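For the record, the sequence lines run as chains A and B.
Each residue of the first sequence is one higher than the last, beginning at 502 in the numbering used here.
Each residue of the second sequence is one higher than the last, beginning at 569 in the numbering used here.
I should point out that these hints are in silico values taken from the structure, not numbers from a laboratory.
Fair warning: this is a prediction, and the values are worked out from it, not measured in the lab.
Hints may be right or wrong, so weigh each one.
Here are the simulated DSSO-like pairs of lysine-lysine, each with C-alpha atoms no more than 27 Å apart in a straight line [unchecked claim]: (1) B:K1039 to B:K988; (2) A:K569 to B:K1039; (3) B:K988 to A:K569.
Next come the chains, spelled out residue by residue.
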Amino acid sequence: MALMAAILLAGGVVLYVLLPVLTGESSPLDRLDDEATEEDSRRRVTLLALRDVEYDYVTGKLDELDYKSLRREISTEALEAMDRSASAAGTPPPASAGVATSERERLLEEEIQELRRGLKTGGLCPGCGAALAPGGHFCGRCGQALRAPPSGGDSAGTP
Amino acid sequence: MLLPVLGEFALWTALPIAIWGLVLAFLGGRWGRGDLVLSAERSVHAVTFLLVLASAGIISAFLNDQYQYWYVYNYSNRELATFYKVAGLWAGQRGSLVFWALNLAIFSSLAVYFNRARNREFMPYVVGVLLVIQAFFLIICLFVSNAFELLAFTPPDGRGLNPQLQNYWMVIHPPTLYLGFTSFSIPFAFAIAALMSGRLDARWIEVTRRWILLSWFFLANGIIFGMRWAYEELGWGGYWFWDPVENASLLPWLAATAFLHSVMIQEYRGMLKVWNMSLVILTFLLTVFATFLTRSGLIESVHSFAQNLTIAWIFLGFLAGVAVISYGLLIWRLPRLRSDQPFESFVSRESAFLLNNLILLGALFAVLWGTLFPLITEGFTGSKVAVGPPFFNQVNIPIGLALLALMGVGPVIAWRRASKRNLLRNFALPVSVGLVLTLALALGGMRHGYALATFGIGAFVLAVIVVEFWKGTQARARIEGEGSLLALFHLVSRNRRRWGGYIVHVGVVVIFMGFGGAAFDVEVRQSVLPGETISLASPYGHRYELTYEGISTSRAQNMIQWVALLQVYKDGEPVGTITSEKRQYITTQQPVSEVGIRSTLMEDLYVILATVDDMPGVFLNSPQSERATFQVMVNPLVGWIWYGALILTVGTLIALWPPRGPLRASGRGTATPGVGAAHPRGDPSPSVPAGVGG
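Isolated chain B, as found in the complex (with noise of 0.2 Å):
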């Protein structure tokens, strides 16, 4: 097989191509020769080129059964659907560092691509700082996990891959979650270069501004697809267990999101410049950090399979050089990054936007300290404590109540300065709609604290955003004298970030009630025979009644399935059938369970076939053998979290929107205000205000 072969041999050529570009960036850069700076930029490509060739020979060797290959005779055997044969790329430690560096070269290729001709200023030190980023994982893949490792002999089958990752989750939920780490290497790159060329105003955000919402987008969805991933596969019935690897990645989503915000306040106010520095930085430093924590071993999770500490402390070095270089690039900067006009009163947009991002920070340092602390623990005491979700919960959820609050309260104050009637007349709708739903719900019998104040507010917020559109819909429809469906969509299409960013909300406002929800799950754990009903009250005050119908078997590619049939009745009335499984895979001992799920707007019917008395004697068709143990849950609106997700993506899609016409060439025209849809909050004139006009 000659694939594996060249695609190891790229790997280490793709080193040497990656040094001798960074090098040249800096060099071509510092001395401005641009035969230099093309050479470092060819290095992008050719290290984007060879690490294809690396991927295609690691998944060449998963496909082909080659277990000569350390990697694949640990993830893959020779009855694993070729599904997951390709997805073994990702599977483990070795492999996943090669596909993080794949990822990483082609958003890299891709901004050389794109810049061939632009920001020229900040390209040398952009691949500069790229290419240091490479060749760190370049070494990690080739001197500390090299997925490319020979075995002594040729084991005649692989150990398989660990059942849990045998879900089609596997394939969509890890790429995810490394495109958005990977892709915000650009963002940092572009800030660094910034600090280092000395362009220090807002055209560095200008111009990876895009950039940074797809990689929230990626983060975003990444850790949703891993909620789901856990709720279909896990079968504990929920979707978040505040695992060190959860957390990992809600860490660099915290950052981005106040990155995100805090950018606006630069590009508005010329305010905020070296905060934003910093958490461009920190943001970067936690998308590495999470890498590492998922792939180091460090930390014990379900998603850590790697024993090899080594790695941790090569991680940990480049966090600690990356983070003294930035920071003190950013401090060298500190006397040019003073912000062009002061905040004027706390009672402004830039306050709430800054209230936004300490909240979002506050929330990041809990979570990473709720995560390290076990770890910490462990090094001063020898003795570990566990921190659990009582501890995130308690801390998170009031954090996570006072930003969905903010969601409300950002849109309707005015930049600078507001004053406080307005304010109240701007609120009073809003608010009153929120204390209504409050109070229909306590009312109605609702009495989780928690679960009223998600519900109040998530209305208050949309109930502020109903009127945004509704108020620019109708300014618009006045000026320009359209008709209120054109006004509404020439009123997104002109200025899509901040409509498309309202939409997001919408999104996270119906994720925060799916959350909410949680407090109203009820279960029930019984032991039946087939013919016996298990009876279980929904929050809603409905009942469902399920009827065990036995247990049938049957072996897949490589497997044994027990697949327990009931029979679901509502209120008396058939609503269907539903079925849970044990699976015993060929190469591990504990069977798994695969839940059953019935999903409806409202709420989940959730199955966990628990325990089977005799599993062998099911083969013999004994009655007494297929007794069987089931958890029975009703998860009342955990649908709504992958509904808001999908609103989120709706909205950040139109956020994301490119501009049309002959702007889109200039970057003049960028620095021109009002350019076209994308430009956020591009009012065009003071007759047709900010996201109005067009």
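Only chain A is shown next, with the shape it has when bound in the complex (with noise of 0.2 Å):
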């Protein structure tokens, strides 16, 4: 009994693990198209310093001085990352392409209010970080499909 028990077990977990390299299913290896790459944490980085910097300067941690000269440090820190996050995604950056400085803040202050809207109604969009419309199935701005989450989490590694 405990022998045939023994069998049955051994033999159904090889079999479990075998499976996958007898039938040549798989496992995906790369990054998918809306994770983020290397180029997201630096953008993100930097627009979380900007928005530190804001928070600091309303709560009375920083002087005005020390606040406009780090705002502007930073807003051309996140100006340069965003256009390597662009460039990365394979869209056009904004910047890089001859657009002028105050151009490039217009549409940084364009993104940080678009955030600013996402996070009122709850929804960004996976693949640009642009503001969701309530109830859309499709992102505004890049027009990506709206899916419903898998069991993950905003990182899906956690548990």
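Put the complex together from the two separate chains, hints included.
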């Protein structure tokens, strides 16, 4: 009885583990299109820094002088990071194509405002980060189809 | 009985499956073969299934009194309550190593499942690393410390479980600590995967952010549960003795706390990449080291019942191997781990975080040194030098106070650079609160320097946190036109990590104040006959009188109890009764004490029945035989440690709570700033700043 159970157990487990090698069934190994790239991470870091400076200024942790100089520095970093991120994603970088600095800053402000709207309505596009209209099935900016989330989380690796 | 036999077979099957999986995982990652990687991922699930079966086999052997197994014979007996028979799985070295492997397997399976369609570039290496750790523990479980080892004959009964382990915390404390130890393998595996795959940005931190917090939470609670256990069960009136195994559990917690803070600098500023990698490796090594200290028998401790030192060398070899390979990979990747940005000013939040890290590591190395010093001197000189609480307290109290102060400094300093004028303005109120409390306590008669510093700095930190909540709520209410309560709710829910973190800090402050109360413990030891009274003055000024009513005896399932009853009067008013016991377990020679505790918000009345003059005579109802010696203590604020732990739990749960909305699905979304509630300092716009907007 015990021997039979042990053989069944071992056989079942070995078959389960070996099957992919025998049948060629495989796991994906490449990053999915909508996952963050290294350029996205850098862009995120700079935008976070920009928002931190805003918060520190509003709550009285930064002087106006420091605030303005920091904001100028980080805005430049943020714009460069956004350009790199856009290039990596295959979309034309708005800034590198000779767009004026003021125009780039306007784009940054727009992006920030969109993020703000997205946070208020609870949704941002997984592809481009734009704010989503409530109940929409596609992103209004990049056209990405919005699907139901798999059972992960914002970081699918988290418990 | 089929289950133990199948369990042992499952354990033997798990090892080749784990080895197969780890080889295929690394090969699959290297060659880009998805089929090999899938087979490796299935190996993880298969090992989990097999370890569940093995654990069920051990528990079944305990429940069915199968004393032919060495492990069951040594840690159980027929009279043992079912509750503790189930907990027998982690009562001794052999079972607890299987339990370690089981926890690791479950966490590994969860990591593989959650990442089945995400973070795929990391996964082959994550699976490989996890299976290497798993294979190591399986080798130990099978060849060095096998829970299924059979005796040459079947004894009629077992030797029973150590009486000190027969406490309900036995069912709670070790598993919680083990959950902390094992779950940290996941961030470690992702860090190594980042080094191996070359994806060295902050993605591995984003992916494992909640794992890190979860591990830290389990470690923190595991330590506090252990303190509570010691306080209730060990019967000396304290909760922490700087015992080697207590220290061993503290070490990874200190490293994890440093890591938890320094990852934020990498996330926000792209700095400290090498430091973070070093810390995650160090924390993992310390979790294994803690397991090694607990279960190797190398250092004598109340926790350590093992005799076999072979296991110690194997553990040391594994630790050395992991350290060499991990730090080797780190050195190999050094050129690609340069910081994106430099430190701009010493007066900045990142500097405060770095200082926090350095102090935490200072504490870590002091504790590590004090723990290992007796062992090292014994190795060189042959004689053991005891390092006791005075050394640890002398070193760690100032370090703890410095850390406490930094908890108040960090939130007030701006990132990058802060101006002195603003610092002075932001610190004025909290520092005043701290000074006023310190002064009031000093004027009230408190003369203990460290205690005064603890309460003063604690009040400063609490004031900082209250002001932060107030400013955030006011800013949000003003910008969004919300009522204060709604603004507070949105403030916290939109950036749970930050505000949950502040609540954790409140919990830590309350715990520290509980520690501070220990400076004023008072105690009296007195031998009394029934009808006589023990008198003791509380440090708050009131007086306790305990009238000894006598001893009653009873026989429980596996022991005899002598229960002393005392009437308690506070300033002459009766406030209830308290009982304290001696227990004689049938499997042991020495009786053990069960303390009586009467807890209030401000103090604990703690009664230890130290000795009974004539324990057998009590059965004959002779009054003289009931003469007993009691040790009575008043421990101020000790309850604050447990209340602080509750606050810490609430804060951690807030920080851990997952965000809502479609962003949960998105990797790219996580790279976008301000992505909802769980995002660190995810302030949404210049006009609605960090942590305020939403």
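- Within 27 Å, alpha carbon to alpha carbon, are B:K1039 and B:K988? 20 Å, holds
- Quickly compare the C-alpha distance for A:K569 and B:K1039 to 27 Å and report which way the hint goes. At roughly 21 Å apart (the allowed maximum being 27 Å), B:K1039 and A:K569 satisfy the hint.
- Task: Please work out if B:K988 and A:K569 have their alpha carbons no farther apart than 27 Å.
- Result: Roughly 17 Å separates the two Cα atoms, so the pair holds.
Going down the numbered hints, you'll see the structure goes against none, and every one checks out.
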